Structures are given as structure tokens and as C-alpha cells.
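Protein chains in written order, with UniProt numbering: chain F, 1 to 591; chain A, 1 to 591.
Possibly wrong hints are sitting among the right ones.
Claimed, not checked - Straight-line Cα separation of at most 25 angstroms, DSS-like style, residue types lysine-lysine; simulated pairs:
(1) K374(F) / K137(F)
(2) K260(F) / K79(A)
(3) K260(A) / K76(F)
(4) K124(F) / K260(A)
(5) K260(F) / K124(A)
(6) K294(A) / K304(A)
Stated by the list, open to error - Partner residues are not named here, just some residues of chain A that face chain F (Cβ under 7 angstroms, in silico):
(7) N92
(8) R118
(9) P221
Claimed, not checked - Selected chain A positions facing chain F (Cβ under 7 angstroms, derived; list incomplete):
(10) W131
(11) P149
(12) E159
(13) F161
(14) E216
(15) L220
(16) T222
(17) I354
(18) R569
(19) F584
Don't read these hints as lab results, they were simulated from the structure.
Since the structure is predicted, the reported quantities are computational estimates derived from the model, not experimental observations.
Glycine included, every Cβ here is placed at the ideal spot set by N, Cα and C.
Number of protein chains: 2
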Amino acid sequence: MRSFSFFERVSRAFHDYPSLPKLIVIFTASGGGLVAYSDSKSYQGAKSVVGSSEADNKKKRVVVLGTGWAGTSFLKGLKNSSYDVQVVSPRNYFAFTPLLPSVTCGTVEPRSIVEPIRNIVRKKNVEIHFWEAECVKIDAKNNKVYCRPNLDTNLNGKEEFVVDYDYLVIAMGARVNTFNTPGVVENFVYFYMKMHYMQEVEDAQAIRRTVIDCFEKASLPTVSDEERKKMLHFVIVGGGPTGVEFSAELHDFVNEDLAKLYPTVKELVKITLFEAGDHILNMFDKRITTFAEKKFQREGIDLKTGSMVVKVSDKEISTKERSSGEIFSVPYGMVVWSTGIATRPVIMDFMKQIGQTNRRVLATDEWLRVEGLKNVYALGDCATINQRKVMEDISAIFSKADTDKSGTLTVKEFEEVIADICERYPQVELYLKNNRMSSIVDLMKQSNVDNTKESVELDIEGLKLAFSEVDSQMKNLPATAQVAAQQGTYLADCFNRMEECEKNPEGPIRFREEGRHRFRPFRYKHFGQFAPLGGEQTAAQLPGDWVSIGRSSQWLWYSVYASKLVSWRTRALVITDWTRRFIFGRDSSGI
Amino acid sequence: MRSFSFFERVSRAFHDYPSLPKLIVIFTASGGGLVAYSDSKSYQGAKSVVGSSEADNKKKRVVVLGTGWAGTSFLKGLKNSSYDVQVVSPRNYFAFTPLLPSVTCGTVEPRSIVEPIRNIVRKKNVEIHFWEAECVKIDAKNNKVYCRPNLDTNLNGKEEFVVDYDYLVIAMGARVNTFNTPGVVENFVYFYMKMHYMQEVEDAQAIRRTVIDCFEKASLPTVSDEERKKMLHFVIVGGGPTGVEFSAELHDFVNEDLAKLYPTVKELVKITLFEAGDHILNMFDKRITTFAEKKFQREGIDLKTGSMVVKVSDKEISTKERSSGEIFSVPYGMVVWSTGIATRPVIMDFMKQIGQTNRRVLATDEWLRVEGLKNVYALGDCATINQRKVMEDISAIFSKADTDKSGTLTVKEFEEVIADICERYPQVELYLKNNRMSSIVDLMKQSNVDNTKESVELDIEGLKLAFSEVDSQMKNLPATAQVAAQQGTYLADCFNRMEECEKNPEGPIRFREEGRHRFRPFRYKHFGQFAPLGGEQTAAQLPGDWVSIGRSSQWLWYSVYASKLVSWRTRALVITDWTRRFIFGRDSSGI
Numbered sequence: 001m002r003s004f005s006f007f008e009r010v011s012r013a014f015h016d017y018p019s020l021p022k023l024i025v026i027f028t029a030s031g032g033g034l035v036a037y038s039d040s041k042s043y044q045g046a047k048s049v050v051g052s053s054e055a056d057n058k059k060k061r062v063v064v065l066g067t068g069w070a071g072t073s074f075l076k077g078l079k080n081s082s083y084d085v086q087v088v089s090p091r092n093y094f095a096f097t098p099l100l101p102s103v104t105c106g107t108v109e110p111r112s113i114v115e116p117i118r119n120i121v122r123k124k125n126v127e128i129h130f131w132e133a134e135c136v137k138i139d140a141k142n143n144k145v146y147c148r149p150n151l152d153t154n155l156n157g158k159e160e161f162v163v164d165y166d167y168l169v170i171a172m173g174a175r176v177n178t179f180n181t182p183g184v185v186e187n188f189v190y191f192y193m194k195m196h197y198m199q200e201v202e203d204a205q206a207i208r209r210t211v212i213d214c215f216e217k218a219s220l221p222t223v224s225d226e227e228r229k230k231m232l233h234f235v236i237v238g239g240g241p242t243g244v245e246f247s248a249e250l251h252d253f254v255n256e257d258l259a260k261l262y263p264t265v266k267e268l269v270k271i272t273l274f275e276a277g278d279h280i281l282n283m284f285d286k287r288i289t290t291f292a293e294k295k296f297q298r299e300g301i302d303l304k305t306g307s308m309v310v311k312v313s314d315k316e317i318s319t320k321e322r323s324s325g326e327i328f329s330v331p332y333g334m335v336v337w338s339t340g341i342a343t344r345p346v347i348m349d350f351m352k353q354i355g356q357t358n359r360r361v362l363a364t365d366e367w368l369r370v371e372g373l374k375n376v377y378a379l380g381d382c383a384t385i386n387q388r389k390v391m392e393d394i395s396a397i398f399s400k401a402d403t404d405k406s407g408t409l410t411v412k413e414f415e416e417v418i419a420d421i422c423e424r425y426p427q428v429e430l431y432l433k434n435n436r437m438s439s440i441v442d443l444m445k446q447s448n449v450d451n452t453k454e455s456v457e458l459d460i461e462g463l464k465l466a467f468s469e470v471d472s473q474m475k476n477l478p479a480t481a482q483v484a485a486q487q488g489t490y491l492a493d494c495f496n497r498m499e500e501c502e503k504n505p506e507g508p509i510r511f512r513e514e515g516r517h518r519f520r521p522f523r524y525k526h527f528g529q530f531a532p533l534g535g536e537q538t539a540a541q542l543p544g545d546w547v548s549i550g551r552s553s554q555w556l557w558y559s560v561y562a563s564k565l566v567s568w569r570t571r572a573l574v575i576t577d578w579t580r581r582f583i584f585g586r587d588s589s590g591i
Numbered sequence: 001m002r003s004f005s006f007f008e009r010v011s012r013a014f015h016d017y018p019s020l021p022k023l024i025v026i027f028t029a030s031g032g033g034l035v036a037y038s039d040s041k042s043y044q045g046a047k048s049v050v051g052s053s054e055a056d057n058k059k060k061r062v063v064v065l066g067t068g069w070a071g072t073s074f075l076k077g078l079k080n081s082s083y084d085v086q087v088v089s090p091r092n093y094f095a096f097t098p099l100l101p102s103v104t105c106g107t108v109e110p111r112s113i114v115e116p117i118r119n120i121v122r123k124k125n126v127e128i129h130f131w132e133a134e135c136v137k138i139d140a141k142n143n144k145v146y147c148r149p150n151l152d153t154n155l156n157g158k159e160e161f162v163v164d165y166d167y168l169v170i171a172m173g174a175r176v177n178t179f180n181t182p183g184v185v186e187n188f189v190y191f192y193m194k195m196h197y198m199q200e201v202e203d204a205q206a207i208r209r210t211v212i213d214c215f216e217k218a219s220l221p222t223v224s225d226e227e228r229k230k231m232l233h234f235v236i237v238g239g240g241p242t243g244v245e246f247s248a249e250l251h252d253f254v255n256e257d258l259a260k261l262y263p264t265v266k267e268l269v270k271i272t273l274f275e276a277g278d279h280i281l282n283m284f285d286k287r288i289t290t291f292a293e294k295k296f297q298r299e300g301i302d303l304k305t306g307s308m309v310v311k312v313s314d315k316e317i318s319t320k321e322r323s324s325g326e327i328f329s330v331p332y333g334m335v336v337w338s339t340g341i342a343t344r345p346v347i348m349d350f351m352k353q354i355g356q357t358n359r360r361v362l363a364t365d366e367w368l369r370v371e372g373l374k375n376v377y378a379l380g381d382c383a384t385i386n387q388r389k390v391m392e393d394i395s396a397i398f399s400k401a402d403t404d405k406s407g408t409l410t411v412k413e414f415e416e417v418i419a420d421i422c423e424r425y426p427q428v429e430l431y432l433k434n435n436r437m438s439s440i441v442d443l444m445k446q447s448n449v450d451n452t453k454e455s456v457e458l459d460i461e462g463l464k465l466a467f468s469e470v471d472s473q474m475k476n477l478p479a480t481a482q483v484a485a486q487q488g489t490y491l492a493d494c495f496n497r498m499e500e501c502e503k504n505p506e507g508p509i510r511f512r513e514e515g516r517h518r519f520r521p522f523r524y525k526h527f528g529q530f531a532p533l534g535g536e537q538t539a540a541q542l543p544g545d546w547v548s549i550g551r552s553s554q555w556l557w558y559s560v561y562a563s564k565l566v567s568w569r570t571r572a573l574v575i576t577d578w579t580r581r582f583i584f585g586r587d588s589s590g591i
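Isolated chain F, as found in the complex:
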């Protein structure tokens, strides 16, 4: 248990990181300045909301479903005023989800990480309307979306309404995956889904209240020590970044703040983390995994890897050891569920309509367009990009490349299309890079049986051979906020330049048809990932295998997140929240 006075803390901070406290001041100050800038822009485009689509018949109607990372990035990026945009979402705010684990323990205020969508929307010259409602059905045949208000006032019931669209952007995210584990939905389990879910702000608040409630109940005079131990057993299911961060935050909250207030029960607290795989944080570098596992062991967080949760009753959680097949049951005070994601029912229904019946996730092409539809886009966690295989198009590629129709491809002919091939099929570029091939000639040589020939030429079979391994490089993008945000920005850019690119297409050659694609396909840039491990320590994995663990990463994490926050308002709020916690500790009232 550490407890420093304010001055000790400050002096330690200054000693360890002489430049960093200044950083905070700069952030806050520049925040103020830029707010003034954005505030002084006058509000434009105010006009009657209802019936506006009738008034502007010429404008293309874009309907956006969802205001998470993908939807909000799209709205922020959209600058072309020739659209009439309508946003449908059950929440009227965007939540900066990576900080949700901090909300559960009171390190950051819920309101600091949310930004009202109307605030984001009203600063733009694009006409954007927001309806607080849930999309209950997508009718792709008639270009209609059915919505139900999720507000329940005293005037009338929930009336459905219909919104017509010319373009539809689906960015509804996913729901938590319970793997059909019995008892999870029915019992007192709070769903703590993956990081990028809006509805979690309320979940985070509920988790916070439950933690305090468990401590209060365990402090009551009539409770036996046996029961106290049960109540203070906190179980986290899922060893991904969210589960690990929550375990670490909870451990710090208990040891730094609650131990002082509940001195009699602090010894009885137990935190258990169940992970079905062999290691926690398995998408990270092994060094990070090992460090995190050792740190958790040292701190007394009980790490049960290779344990699958098979049942949750109202009192106990049952797990199955993967190695032995044995089933253990243990009583709990609170369970937090942070496993994978699954497709929402409304998307499942939509997939049936459009014939994507054999898939588990909605598929789009590389331009984020839903497969089989011309005017519907899907991005973020509710969809995956179905990357086209080279081998499917191999004949078309060959005939497009073989300009002199000689039946063989020369190096010169190949070089003329290779840029387009790499753009259309990013796995080719990846394959060349991973196999340390500097140019297309290496690839051609590899499949050319007769290496002695001066002029390397390939026939169709040779090309097939050359590309035979390439498609193995394909992999799906992770379901993260980073991907969703980049997709939103990409799509907004496409919409902004729709007419322009219609005339002057900038994309790669269409191998099966004439001409070029209008846009370049979406390409994801990975900027690295953080995993806060508690105790002012954060693991960072940056591109190029650069791994960093410790306090400097913590400060890097603070800086990156502060700069990524959606508005200067939220930025300033989060920074003051951190400062408040630094000075006063976390709050432990039941609010």
C-alpha cells in the first residue's frame, strides 16, 4: 500500500520526469486557445429538421447508423455540403472507449470521455441531422431504414419511423460474445465488452458502483468472514487488453484507495483473471505477455490461463481446465465479462436479406462497400473486409497485362501493371516484403523453371505458380478502435471527392472490367497498441517491433490518449481528471 503526500508525489514526479508536468500545462493551455477558435466559428446551416429531405430533392441522402469510432470519424471527416446526412444512434454521444477501464475505477469521470454528437455535428457546413433511435431493420431493396426511438417519455409509446437513403453507412458495432455460456445473460454479470462500444459508459458506471457495494456489504457487522471473502472475490473473464487493464486498475483502486477506507476487509480481496488461451495479451509481443504475467503474479492477481468459463450461476462461476478437463466452481462477488465480439441481430437479419447466409460477419469489399450492394457501406466492428484473392482473378490479370497478346508476360509488361496489382491485392506487396524480394523480377524468376534464360518471361501457368503462395498472406483486420477510426476517415474522404473521382478515377485498374476503380482501396496503418498494466506502468508495442514497458510508456500513453481525444473539451476534462486523481486519489462514494 503506497500513500504519498501531495508534495512527495509532485517532487517524485519532477525528479523522475522533469519535463512532463509542464506537458500537462501546455496541453491545457493550448486546449483553451483552440476551443476559442472552434467556438468562434458561427453556426451555419440551421434549418427546419423535419421535411428537410423534401426541400432538398437534389441532395443525396446519406444515412449513418451508429456513433461509435467508425460513424463519428466518418461524420467528422465529411466536408462535402452536397449531402443531406441523417444519423441514427441510440446514444446521443460519442464515447472515447479506450479510457472506459479508467472510468470503472473512478480515475476518469464518465462525462469527460464523452462528446455529444450534436456538438461534433453542428460545427460543420454539411447538413447533418441526428435522431436518437435504434435501427431495427434495414430494407436494402427499398433503400429504407426502420428506426425506433429508445426514449420512453410519458407522452406516447415507442413509435417507429422510416428513413430513406441514397447511401447507407452501417457503423453499428457489435455485441458482446458470450459464447452461449449458460447463465451469463441471466445472472448478475455486468457486460464489459470490448473497448469500442458506446453503451459501455453506463456499464462502466455500473461496475464502479458494484465494486463499492461489495466493499460496503462486506463491512457490515453481521457478515461472516467466509461470506466476506465471497463478496470480495472479483472475477474477470478474458485476458485481452481490456480485461488486463481492468484487472490492473481494480488492483490499484483496491490497494491505493479502498485499503485506507476499508482497513478491516482489505486482506480478503481477491482478483482472478480467467483466460481460455495459454497466455494473456496474446496479440502482443511475448516480452509484454511475460512481463504482464509476472507483474500480476507478484501483485497477487490470480491468473488462470487455459481456463474456459462454462457456466455462471447467481453465486458461482464454473471453469473447465483445458489441459485436464476438470471443472472447478468458485463463488464470486462480481464478474466482469470481456471476451470477444459477435454480430448484432439486426445485421444478421440484413445478411440473410442480401444472401450472405454462410458468413458470421458482414462482408465488404476493399472499398468498404457491402458485397452485392452498390450504395451500402459497412465499417468498424460490424463488418470485415473480404480481401479479394489474386488467384480468383489470375486469368483476367494475365490478359490485362499481356498487352501484345503474345501469350507470355515480359518483365516490361509485368512492370507496367505491378503497381496496380499491389494496390488491388495488398497481399502481393506483403508477400514480396516478407520474402525479401526487391522487385517483381525476383518473383518471376522464382517461378521460371529455366533460370538460365536471359529474358524472363511467364505464361499463364507460370504466373499462377508465381502467385500461388501470395494469398496466404491475407489476414483480417483486428476489431479495434484504430481500424474503425481509419475506415471512417477513409470513407468520408471518398464521399467528399465522389464526383471528382467519378470523372478522374484514381484507383487501380479493374482487371475484370474496363477502366479504373474510382478510389484507392482502404489500407490500414497500424500505429501500435498500449496495454496499461497498473502501478503507473504501461506496455507499448509500436510498429517495427518496438516494445517498451514501464513508466515512460505510461507517460507516452497519457500523451497519445490526450492528443487522440475527440475534442479539446474532452481533452482538457480528461487531463484535469488525471490531475485530480494524482492529487486526491480516486473517489469511493457510491455515486
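Given the coordinates of chain F, assemble chain A onto it according to the supplied hints.
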């Protein structure tokens, strides 16, 4: 609609009040310093909670019910380590209730105005235990209190437990008074009780969400203008300081913040304030009432004085005009109820037990002791002081004062006891003051029929005549936070010096018995009252009829409230909240 950029706001503020922005900085800075001070005190007195009362048999067991203004002031003031204190309250925090109207509109964060009771308690050398439970029954005969935990975890149901006491301090506050208006409890009415209720923090949050919900619902495309008007009709019942402050805050919230985000519906908003009396703020000076009424009229807040609410249905609120007897009904979107207070059921039951059956409120003597019981105290809103009448004790006073048993009182004899009389019966002092009598001789002369006599003497009938008007000066103390806090501090002081004063009593003479009272009776000091009226204007009524309305009062209000906040933590939080609002406006997300 006013909308200034940040720089305009700052420069205006500097121009109008050159010294005030500095004030904030000083507050914050000194806050930090003192936090360090309070944090560095080490935690003492940690020992096993359960069974502690068995271990220390010698210590007197004090049980405190409630953690509002009265209970918390008592706990903060208690310094004598010879008590074993147990606190029972359904909330584990103290709420700074005067800022609740600010919470409803997002000006201040809920968490900024609450302080965990365990935080207040753990800094003291007195042994204080806290149970998060509700007192369901007081058994004064057996010195027991029955409590029920209000937590509902998954382990076991709500188990009652019993706490024994030697002294009981009842500080449970009151409940809202609905005057049995039909429909109030059943319908979608949020209870917004008088300022000093703990449970209101959650009510304030609910009100906030409802306001945003009404705006979101009114913005939906399918809603008719008629329905929009209904949804955006906000009704406040009760024209006391809370109702008036909430109306003003709501008006500002709508016009300064929501109007920008919901431009299409802002014209349809209507705020109505119903008050059964002839004027709002009727406990304030007439100048303030007139100013507030004019301001509300100018701003378009519909003020309906002389209107009693007779019924609330799920869609309409019905009022009766006091003058004409007519009944009007009007549809509403939200009703906020802020009328008087009533006694809690558990206190009513307790009053039956101890024979206080013909009263509406629990009565105590001037030492805050419940009438008829020796070891039970009641303070704050759940009790009133039953000031003893002079006329009841007039014979005893006469015989005590008539030291020579001559049957008449001389000036000298009277002067010897008048200080004790004034202390025991404060109405005497008030009467002398209000009738501009400089000394007791004036009072004696008044009732002395024969004014010509040199030596003023009074027999028993003369004394009765002299004191006949005095008891009319008695009045009950208002049910405010100020009174409750002063009572808590007073009682803590009594408990701190219990043994000392047992030996050397410092109170006035006991006229009916021998000796003196142990303590001086409780005496309330009025420090004035604020009524924030919105638009950065506040009315202040300070002692000595000093009335101030305007921006300077607003800053005075800020300063007083900042200095009154319970801890340096809440102080800093509220000040940063104000600063945030000043810069960024209020938040309008549905969180």
C-alpha cells in the same frame, strides 16, 4: 441567446471583476497545500470493526443515524476518543446539497459535491464505524436500533441487524411532502426535494437525463409540433429557493447550451413555475422577491403564483387558482417537485412509541434531546426544538428569584437571575430587543401598575403580566442546511465535554430543580441566505437586512460555497467544474 468565445468571456470577466479570476487561482492553490497537510496525517485507530463494541466495554456506544448536514457536522466535530461511534446511513457519502440544482443542468459534476463518509471519518482519532444500511426501527425502551442493508448483492438477501447504543443521535432528515396530491407518487414525476437531502444526488442525475431525453424525443422526425410543445414543457412545483434556482438554471441551460444543439426546437421550450402562495421566495426580503419575479417575466419563465397543484396524471398537471377556484390542466414533459418536507415513517413510528402522538414533527428540548428520553438526541430536519414557554415555569422562576422569600421581586433580585432567564428562554431577550427595552427595569416598569413608586417591585401576578407577551416571540427554526450543520457542531461540542460539564455545569439555572443545566442550550446564528437567479445573478440576504442582487452576489455565492464545501478535495473539484463550464459550456450528452 448569448454565445461568447473563450477570449471574449475571459476579457469581459477581467474587465468587470479584475480581482476575481485571481481568487479562483488562490483557492485552487491553497486547496492543494492543505490537502497535503491532511493527507500526511497518518491513519490511526484501525482495528477490527466487528466485535469492537465487545472489546471496549467501558466506552460509551454512540449510534448516529444519517450522514446529511446534521450527522456529518456531528461526526466532524466529535473529538473525544472515549466514545465508540457507529454510523448507520443508506448512503456512504455526504452530499453538499446546496449545489444540487447545479448538478441537474451539468454545471457541476455529481461526484464533485459528494465526499465519502469513510474519508471524513478515518482522519479522526475517535473510533468510528460506518454501516451502509437503513434504520428501520428505533427501540428506545431497549436502547436498540434495527437496521437493514440497502445493498442487494448476489450472495444473500437483505439481512437485518441490531445495533445497541448508550446514546442515539437521530439525524435522518425528512422526506418530501407531496401534500397527498393524487398522482404525484405514481407518475413520471421526479422528486426534487428540499436542498438538504442526500438521496437527491441520484434524483438530480435523473432530472438531467430527462431534460436531454425530452429534447432528443422532440427532435425526432415523426413528432408533431403539438407534441413537441408538450414534451418541452418543463414544470416546477414550489417557488422556494430550490425551485427558483432550478428554474433559473434550466432556463440558462436551455438558452446558453441546448439552443445551439437543438436549433429547430428551441422556440418550443416553455418553463412554468407553480407556487401556491402569492409570491416566490417568500422567506426572502420583498426586494429580492420583486427582482426575481421581474427577471423571470422578462426571460419568459411562466410564473403562476396562487396556483395549487391538485392532481398529476401521466400526461397532465392540474392546478387550482386560489383566487377563483378554477381548475386548469396542462400537458407536461417533466415535472420537478420542490415543495415542503414531511416526517419519515420510521420517525412517526418512534414518536408513537414515546408518546409524541399529537405532533407532526419529533420534538426535542433546547439541548436537542428528544422530549421524554435521556439518551436520545435528534437534530436537523427530522426534529424541531420545542422551546419552553416562560409562562409554564413562571411560579418556579418567581420562587427561585425571590431569594428572601418576601413574596415580591426587587430589581436587584431580578437582575441576579435575568441572565439565566434570557439563556433558558431566548424569547425574553428577543422581546426586550424588539420592544427596545434596554434593561429588565423597563420590563418591570411596564407591568407595574403604580409607576410613581421609587423602588420597582413585582409580585407573582406582576411577573406574569410582565412576561405575558414574551412567549409570542417564539418561532421554529427553518429546515435548512445551516441550522442542521450548526446543531451537529453544537452537539459534538457537548459530547466532547460531557464529563467536564457533568462536574462543572455551564448552563443556566434549573428553575424547577436544583443546580444548573450541564450545557448552554443550542442557539442558532443566521448567516444569511442565497438565491441564485440565473444569468450570473444571485440574490443574497445577509443578517441586518443587507440585501444584494447581481453579479457581485454571484461571486460572493461562489466564494462562500467554495469555502463551505466539506473538504479540500470537493472544493477543488467544484472550482474546476465551474472553470470547465465557464470555458466549455455545459455538457449535453445523455450520461
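Going down the list of hints, with the structure as the test:
no.: 1; hint: K374(F) / K137(F); in the structure: holds, 18 angstroms
no.: 2; hint: K260(F) / K79(A); in the structure: holds, 20 angstroms
no.: 3; hint: K260(A) / K76(F); in the structure: holds, 18 angstroms
no.: 4; hint: K124(F) / K260(A); in the structure: holds, 13 angstroms
no.: 5; hint: K260(F) / K124(A); in the structure: holds, 13 angstroms
no.: 6; hint: K294(A) / K304(A); in the structure: holds, 13 angstroms
no.: 7; hint: N92; in the structure: holds, 5 angstroms
no.: 8; hint: R118; in the structure: holds, 4 angstroms
no.: 9; hint: P221; in the structure: holds, 5 angstroms
no.: 10; hint: W131; in the structure: holds, 6 angstroms
no.: 11; hint: P149; in the structure: holds, 6 angstroms
no.: 12; hint: E159; in the structure: holds, 6 angstroms
no.: 13; hint: F161; in the structure: holds, 4 angstroms
no.: 14; hint: E216; in the structure: holds, 4 angstroms
no.: 15; hint: L220; in the structure: holds, 6 angstroms
no.: 16; hint: T222; in the structure: holds, 4 angstroms
no.: 17; hint: I354; in the structure: violated, 26 angstroms
no.: 18; hint: R569; in the structure: holds, 4 angstroms
no.: 19; hint: F584; in the structure: holds, 4 angstroms
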